[in-house]
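**Student:** One letter stands for each residue in the lines below.
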Amino acid sequence: MSHTPAWARGVCSGLYAAGSRDVVYVPDNPLSQVLTELGDRYGDVRLVLATREEEAFGIAAGLYLGGRRPTVMLQSSGLGNSLNAITSLVLPYQIPMLIVVSMRGDAGEWNAAQVPMGRAVRAILDAIGVPHVTVTSGDAAADAVRLVATTAFGTRQTGACLLPRRVTTS
Amino acid sequence: MNRLDATRVVVDGAGDAPIVASLGHPAYDLYAAGDRPQNFYTWGSMGVASSIGLGLALAKPHARVFVIDGDGSLLMNLGSLATIGLLQPANLVLVVMDNEEYATTGGQATPTAQGADLAAAARAMRIDATTVFDEEQLRRTLNGARLAQRPHVVVAKVAESTPGTWPPFDCVFIKHRFMTAIGNPESAISTAK
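As given, the protein sequences belong to chains A and B, one line each in that order. When we follow our numbering, the leftmost residue of the first sequence carries the number 1, and every step to the right adds one. When we follow our numbering, the leftmost residue of the second sequence carries the number 171, and every step to the right adds one.
If you're looking for bench data, these hints aren't it; they were derived computationally from the structure. Among the hints, a few may not be true.
[As the list claims (entries may be wrong)] Below, a sample of chain A positions facing chain B; criterion: calculated Cβ distance under 7 Å: (1) A50; (2) E55; (3) G58; (4) L63; (5) L65; (6) G66; (7) A85; (8) S88; (9) Y93.
We treat Cβ as the ideally placed atom computed from N, Cα and C, and that holds for glycine.
The shape of chain B in the complex, shown without the other chains (with noise of 0.2 Å):
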C-alpha cells in the first residue's frame, strides 16, 4: 500500500466529513485521491495538522473529523498526543501515514525507521491506536473508528507514492471554501456579536 492508496481507502471513509491534512506529500496525495471542499490542506506549520484537526473536533462535535498527518509531522508535535488523550474527543481520527521518512524533503530517515512506534505512543497517551498494513485493514479499522466513541489513531505503515500534482496554493481560498462546506460560513463569524 502506498500513501496514495491508502489516502483513497480515507476519503472514501470519510464521506462529506472534514479532512485536515497535514502540508507536503500528504496534501499533495490528498488532493489527488479526491479534492473536495471538505479537505483542509496546510501548506506550513509542520506539526500541528493534528492539532487544527483537535480545534475542530471540539467545536464541531457532531461531525466526524479526520486528520492525515505524516510520521515525520507527529514527531514534531507530540504532546498533541498528550491533549487529545486528555480531551478525549469522540469524534477524532487521526491517520498517520507512516513511511518511515521525510518523503517531501528528499528521503530522509525517521525514528520510525528504526522501530519508533507512534501506535504506541498514542496508547501511552489513553488514545485507542491500530498499525495497518494494507488497504483492507486501513479499511476496517476506519470503519469501526467511526462509530467508536473514543478517539482513534491509525498508524498506515506505507510506500511513499511521490504525488505529481498539488492543491491550492491559495490559503484564504481553501479556508473559505472548507468553512463553507462544514457549515460555518465565515461570514457568520465576523458579523455575529
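Okay, chain A solo, but in the shape it has when bound (with noise of 0.2 Å):
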C-alpha cells in the first residue's frame, strides 16, 4: 500500500501517460511527494532541479527543442520569477509544456506574504494567455494532468494545472 497520496500519484500518472519524461521542478513541500513517486516509479522520468522558475522554463523550452515533452512545476510563489521567460520565450515561440502549480494562498494558508500572489495566480495566467485548470480532489488528479498536457503538446499552447492546498494538503 503506497503511502503517496492520490493526488501525487494522479499527477505523477497523467504527466507520464501525456508523454513528459523529463520534469524541471524548483522545490515545494507538496511537490516533493509527486518527485519522490517519480523518482521510486517512474524510472525513465529525467527530473531536472532549477535554482528558479524562470531558467526552469528556459531549460524546459531547450528540452522541447530537441524533441522532448517538458513539464515545468512549481509553486505559486514561483510564477512571478517566470514570467518574462513564458511572455517572450514560451508563448511567443509556441513551445509548448505542461505547467505544474502547488498553490499557496488559497484556503488553508497562514503565511500571509503568500497571500498576494495565491490569489492572482488565475487572473495573471489569463492575462497573459495560458488556459489553466483546477484540480478538484485527489482523484480528478490524473484526469485533469493528463488532459492538459494532451492539449498543450498537441495544440502546441502551454498549460497549467493547478493543485490547491485544499488537495495538496489534505
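Assembly of the complex is requested from the two constituent chains, each provided in isolation within its own frame, with the hints serving as guidance.
**Tutor:** Given below as C-alpha cells:
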C-alpha cells in the first residue's frame, strides 16, 4: 500500500500518460511527494532541479526544441519569477509544456506573504493567455493533468494545472 | 577582437551543431556571422539562453550544443551556472561574449567592467572555464571544448561590433526551422503518443 496521496500519484500518472519524461522543477513541500513518486516508480522520467523558476522554463524550452515533452513544476509564488520567460519565449515561439502549480495563498494558507500572489495566479494566467485547470480532488488529478498536457503538446499551447492546498494538504 | 569576429569563429567551429543566441546584439551578430537553420535566435527572455542550451544538451546528448550569451545576460541568471555544474552536460559549450556593457540598451557598464569574473564564477560552480582575448585563443579553446567530456564556459573578451542586420522576426518560423534542422521536426512531437 502506497503512502503517496492520490493527488500526487495522479500528477505522476497523468504527465506520464501524456508522454512527458522530463520534469524541471523548483522544490515545494507538497510537490516533494510527486518527486518521490516519480523517483521511485517512474525510472525513465528525468528530474531536473532548477535554481529559479525562470531558469526552469528556459531549460524546459530547450528540452522541447530537442524533441522532448517537458513538464515544469513550481509553487505559485514562483510564477512571478517566471513571467518574462513565459511571455517572451514560451508563448511567442509556441513552445508547449505542461505547468504544474502547487498553490500557496489559497484556502488553508497561514502565511500572509503567500496570499497576494496566490490570489493573483489565475488572473495572471488569464491575462497572458495560458489556459489553466484547477484540480478539484485527489482522484481528479490524473485526468486533469493528462488532459492539460495532451492539449498543450497537441496544440502547441502551454497549459497549467493548479493544485489547491485543499487538495495537496488534506 | 570584436563580437562579430568572435561570433564568426564560433559559427566556424560549430559545424552543423545547434547554436542558441541570447537576444539583442549577440543574436544579431550570429545572424550576420552566418544565418543557418541550426541557429536559434531569441527575441526576449533575457538571461535564459544558457538554460535553453542546457535543456537542448540534455535532450540531445549526442549533439554538441553551443550557446552565445552576453555578460549582462548571464549575470541575470547566474544560477544557471550552478545547474550546469550540477548536471555536467558533456556536450554543452557556453560562450559568453563579454563586452563589459549592456550594448543593446545603450552601453551601460556591467559589473565585468569593474572586474567581475564570469570564468571564475563558472569554475566556482565546477565548470571548466577559459577567458580568451583573441580569435586564435578562442579557436583553440573551442577545439578543446569540442573534444572534452565536460561542459565548458568560454568567456570571450570582445569589443562591441554595432551590428547592422537583424535575424527573422517570426519566432515560430525560427523554431520550426531550427527543430527540423536538428532532427526534431515538430510534427513528430505533437502527434506521437
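**Student:** Does each hint hold? Answer for all of them.
**Tutor:** Status of the hints after comparison with the structure:
The criterion of a C-beta within 7 Å of any C-beta in chain B is met by A50 (chain A), whose closest approach is roughly 6 Å, and the hint holds. Look at E55 (chain A): its Cβ gets to within about 5 Å of chain B, closer than 7 Å, so that hint holds up. Because the closest C-beta pair between G58 (chain A) and chain B is about 3 Å apart, less than 7 Å, the hint holds. Using the Cβ-Cβ criterion of 7 Å, the hint placing L63 (chain A) at the interface with chain B is satisfied: the shortest such distance is roughly 4 Å.
The beta carbon of L65 (chain A) comes within 5 Å of a beta carbon in chain B, closer than 7 Å, and the hint placing it at the interface holds. For the restraint placing G66 (chain A) at the interface with chain B, the shortest Cβ-Cβ distance is roughly 2 Å, inside the 7 Å limit, so the hint holds. Because the smallest distance between the Cβ of A85 (chain A) and any Cβ of chain B comes to about 5 Å, under 7 Å, the interface hint for this residue holds. The criterion of a C-beta within 7 Å of any C-beta in chain B is met by S88 (chain A), whose closest approach is roughly 3 Å, and the hint holds.
For Y93 (chain A), the interface hint holds, since its Cβ comes within 7 Å of a Cβ in chain B; the closest pair sits about 4 Å apart.
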